[in-house]
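Enquirer: Can you make the complete structure from the sequences, with help from the hints?
Residue numbers (the UniProt record's numbering): 1 to 286.
Hints may be right or wrong, so weigh each one.
[Stated by the list, open to error] Distance ranges between label pairs, derived from CB positions:
#, residue 1, residue 2, range
1, P25, T278, 18 to 24 Å
2, D82, A269, 37 to 43 Å
3, R175, R95, 36 to 42 Å
4, R99, E26, 58 to 64 Å
5, E225, R99, 24 to 30 Å
6, R95, G38, 42 to 48 Å
7, D230, Q281, 18 to 24 Å
8, E280, R99, 40 to 46 Å
9, Q274, A173, 22 to 28 Å
10, E143, T278, 37 to 43 Å
Calculated from the structure, these hints are not laboratory results.
Treat the numbers as computed from the prediction; the structure is a model and nothing was measured.
Note that CB positions come from ideal geometry on N, CA and C, so glycine has one too.
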Amino acid sequence: MERAQVLVTGWDTPRVDAETLARAPELRLVAHTGAAVGFLVSDALWERGIRVTQTGAAMAPAVGEVALTFTLCLLHQVHRFDHALRSGSGWAETRSAARPRRELRGSVVGVVGASRTGRAYAGLVRAHGAELLLADPTVSAGEAAELGATLVELDDLLTRSDVVALHAPAIPATRHLIGRRELALMPDGAALVNTARSWLVDSAALLDELRGGRIDAALDVFDEEPLPADSPLRGLPNVLLTPHQAAGTEEARHRQGTLTVSEIARFLAGEPLQHEITREQLRWTA
1 MERAQVLVTG WDTPRVDAET LARAPELRLV AHTGAAVGFL VSDALWERGI RVTQTGAAMA
61 PAVGEVALTF TLCLLHQVHR FDHALRSGSG WAETRSAARP RRELRGSVVG VVGASRTGRA
121 YAGLVRAHGA ELLLADPTVS AGEAAELGAT LVELDDLLTR SDVVALHAPA IPATRHLIGR
181 RELALMPDGA ALVNTARSWL VDSAALLDEL RGGRIDAALD VFDEEPLPAD SPLRGLPNVL
241 LTPHQAAGTE EARHRQGTLT VSEIARFLAG EPLQHEITRE QLRWTA
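Expert: Here you go:
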């Protein structure tokens, strides 16, 4: 790395700390091929004036589509039907295993976090005729209206929404943003969608709620990954599970590579970066 001016990083890249930087005296840019960079950067990196770019914009459309898919599956009880049939239930028994089904049009959908993925999801949900609520302390009522949403406090969103979709960043202020008290605010029969980070949810409290059967959930992220084989979540009929693959489409991977190369080219040409993350921005984004 002695002569490297640009470092391309991924999910398994170790933190770029003082020890690493000592071996890269010419380093000027870290081009991260994922979205979250908080785990990657260090004080030493910022103090050296090294710039950081990422590819969250390339991943957002795929995550938005998966969150929409989860929403439709939960409203139409696909997860419960699938679990009942795979468990050997009879036809009539399977039909009665689900709650009354709902259409997305006319449902109230609460979006927690107007991130890139949150905005992608909001656009898709709005196109299906849902009523949109948004909770995000960094967004104004006018900005929410531009997204087709009504800006509300988190508690209000939780009590009013048929589906709550999490799209907030994993930062200190959002640790267990959805805890036992918040889950209790959700109406009976409501559903939780998490394609963001398990950091946002008190997983023990969520498991208790799911075991009680009062709410449903679709989860792409977990405290422990891979999800242990003996995880209680695996056996619950009211949970849809995927292995942290919301952003993993072929198209997203291609966009990530293209965006990374484009940012590097812009940097080396002395042009403004389009997807830079600054030290200040890490206060409210991951």
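Enquirer: Is 22 to 28 Å respected by the C-beta to C-beta distance linking Q274 and A173?
Expert: 27 Å, holds
Enquirer: Given the hint of 42 to 48 Å, check if R95 and G38 actually sit that far apart at their C-beta atoms.
Expert: Roughly 46 Å apart at Cβ, these two residues keep to the hinted range, so it holds.
Enquirer: Using the beta carbons of D82 and A269, state whether their distance is inside 37 to 43 Å or not.
Expert: 51 Å, violated
Enquirer: Measuring from beta carbon to beta carbon, are P25 and T278 in 18 to 24 Å?
Expert: Holds - the Cβ-Cβ distance for P25 and T278, about 22 Å, lies within 18 to 24 Å.
Enquirer: Evaluate the given range 18 to 24 Å for the C-beta pair formed by D230 and Q281.
Expert: 39 Å, violated
Enquirer: The hint says 40 to 46 Å between E280 and R99; measuring C-beta to C-beta, is that right?
Expert: 45 Å, holds
Enquirer: Taking the beta carbons of E143 and T278, is their distance inside 37 to 43 Å?
Expert: 20 Å, violated
Enquirer: Holds or violated: 58 to 64 Å for the Cβ distance of R99 and E26?
Expert: 60 Å, holds
Enquirer: Take a look at whether the Cβ-Cβ distance between R175 and R95 falls inside 36 to 42 Å.
Expert: Taking Cβ atoms as reference, R175 and R95 lie about 41 Å apart, which means the hint holds.
Enquirer: Please test the hint of 24 to 30 Å on the beta carbon pair from E225 and R99.
Expert: 29 Å, holds
Hints 2, 7, 10 from the list above are not met by this structure, while the remaining hints are.
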